[in-house]
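Novice: Each protein sequence line maps, in turn, to chains A and B.
Residue numbers for the first sequence, in numbering that gives the first Met the number 0: 0 to 175.
Residue numbers for the second sequence, in numbering that gives the first Met the number 0: 0 to 243.
Hints in this document: simulated from the structure, not taken from any laboratory.
Computed from a prediction, not measured in an experiment: that's the story for all the values here.
Yeah, the Cβ is synthetic: ideal placement off N, Cα and C, and Gly gets one too.
Take every hint as true, because none was put in to throw you off.
Pulled a few chain A residues facing chain B out of the computed Cβ check, cut under 8 Å:
id	residue
1	5
2	10
3	13
4	17
5	103
6	111
7	122
8	126
9	127
10	154
Straight-line alpha carbon distances no greater than 30 Å define the calculated BS3-like cross-link-like pairs of lysine-lysine that follow:
id	chain 1	residue 1	chain 2	residue 2
11	B	147	A	133
12	A	25	A	133
13	A	133	B	50
14	B	50	A	25
So the derived label-pair ranges between C-beta atoms look like this:
id	chain 1	residue 1	chain 2	residue 2	range
15	A	94	B	243	23 to 29 Å
16	A	44	B	163	49 to 55 Å
17	A	44	B	67	14 to 20 Å
18	A	3	B	201	35 to 41 Å
19	B	128	A	2	21 to 27 Å
20	A	94	B	142	26 to 32 Å
21	A	6	B	125	17 to 23 Å
22	A	63	B	30	43 to 49 Å
23	B	128	A	109	44 to 50 Å
24	B	243	A	109	35 to 41 Å
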Amino acid sequence: MPQRTFEEVVLPHLDAAFNYARWLAKNDADAEDVVQDAYVRALRFFSSLRGENARAWLLSIVRNTWYGRFPARGVDRIVTFDGGTDDRPGDGLDPEALVIQQQTVQRVQRALEALPPDFREVLVLRELEGLSYKEMAIVIGVPIGTVMSRLARARERLLPILASSEAATGGHREVS
Amino acid sequence: MKCHEIGRVLDAYVDGELGPPESAGFEEHLGVCAACSRRVADRELVGRLVKQVPYYSAPDRLRVAVLRARKRSRFTPQLLALAATVALAASLGGVMVVRTARSRQAVDVTTSIAEDVVGSHVRALMGEHLLDVRSTDQHTVKPWFLGKLDFSPPVEDLASSGFPLVGGRLDYMVARPVAALVYKRRQHMINVFIWPAQEQDTGFDARSIRGFQVQHWTRSGMSFWAVSDLNEAELRELARALVH
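This is chain B alone, in the form it adopts within the complex:
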């Protein structure tokens, strides 16, 4: 290959899109041409630099919105939904009550996630699948998540605060794999779900759903959801111990 031919396939070579025979010719030329080697190196450096820019993960409210769109499509075929809307509009005497799905979602995205969190907590406790890794040692549990998640959840044994770590498992929430840590106080089990958040740090959001307490907060780019049948004060204690 000559220098002018190199320019034509430079990017294909860097991107590994060149067939073996062409690659061989390309590399042969690189062996004797410092200028073209330099061009390859520059290309590769641009690639490395671009790989460092932020990768924008989908925010939770978008995940919830997409999951809802999915649920709507599954349970109410679109024609039925349309018919229902028409019937409703007619029954209201032509008064259009149209609220966009999007404005609703902004308001109660937290509620929606909290309900999922409770559901997952209940399913895990019903014996389906509570622990993938059983250990009171944070140095065992934390590395266990390595390679199973695209983030590294903070894992801390809170035995000194009265919440011994029981273990962890992989769970699935808001359309993504998440870390679930299991703590215990007396006979009460506590699930703490963790996944990356785009939002700023928040205070504690406490709510009660079907008799379960849920505490939600965001810290250092992670979204935390603690859920238990423990009372609110004690669950808040756990939340504070995790934030400290």
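Okay, chain A solo, but in the shape it has when bound:
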């Protein structure tokens, strides 16, 4: 029977693995180390991966590697913000709006980095990776109900940034 290879199944999720690790670690060096170790583990256990979701499987290995390596760090690391700017083109926005938009992005980034890791990761997995609740439950190793309640609390914690960002997003808040 045709066996799918590591290259086909696991390697394509390298960006997802790094993005997740980077948001957990909040710095490049630790994130790279963790992903590299996670891939070594993934190679070792690849034969045990059956028909499951390879991305969720890999991300759960990334998570376990991170918490195995930095058990205490997850909670108490100081947030360092290097002022990294978002350089994606702001399609057709005038310069002033662009500045406001960039400030908003930075504010959201800081708010997200300041969240406890349990809340931060659900937002990253949901909004940046587009994982379903079921996949997130696999990655984090908790029931789906827990995923949902963490997402709810994480979003509620971010609500205060809305007030300051309305101008930037052009008033998307109209209620139908």
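With chain A held as given, fit chain B onto it using these hints.
Specialist: Structure of chain B alone, referenced to chain A:
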């Protein structure tokens, strides 16, 4: 549904995780409750804002490191590797020569990519697959990549500098799909590989591998690798024309 029930499934609704019957009940309530509609709108706005934060793509050195780990696992089963290490340590009279893989990788990641670049250039020229899109028009080649890559490579015809564009193709390097542009000078073909970089802008790194010239530089968040059997000076000319 009532307001207090809405709160329980608010996020599931926003995330599209609610079954059809519950969704219908939810929306019915939204139609009559401005406060709950507002809660949904707020949730959705948080989602849109979070989606704008940086998505961190894996840097090239990590890609190379992972690919190497893969190669090691394929060609040297771990027990053999362990046996070899033990034998080596014994032959050195107990002197442990342990260099971590990671420190090596930092040094020669560029070399490793350059070798892959040459390999891909050679394979493409051996007639396997040089062009997916044949055109001297940058306005044809650039849109061709749309939807095939998660980035938009800069595409420029350099005919005025003496390097006419021949076309482009999709290639696969450092465990990711990349853009390959093909230029020509006289009878020499030049491949320029482009993919997103996390690194800062760099100068030109020139090297010669198996008789091929390789020029590497990073500009505006893109990593460029030009390779050809052209001489170094002329390949540098192309690199300069691309950077200008």
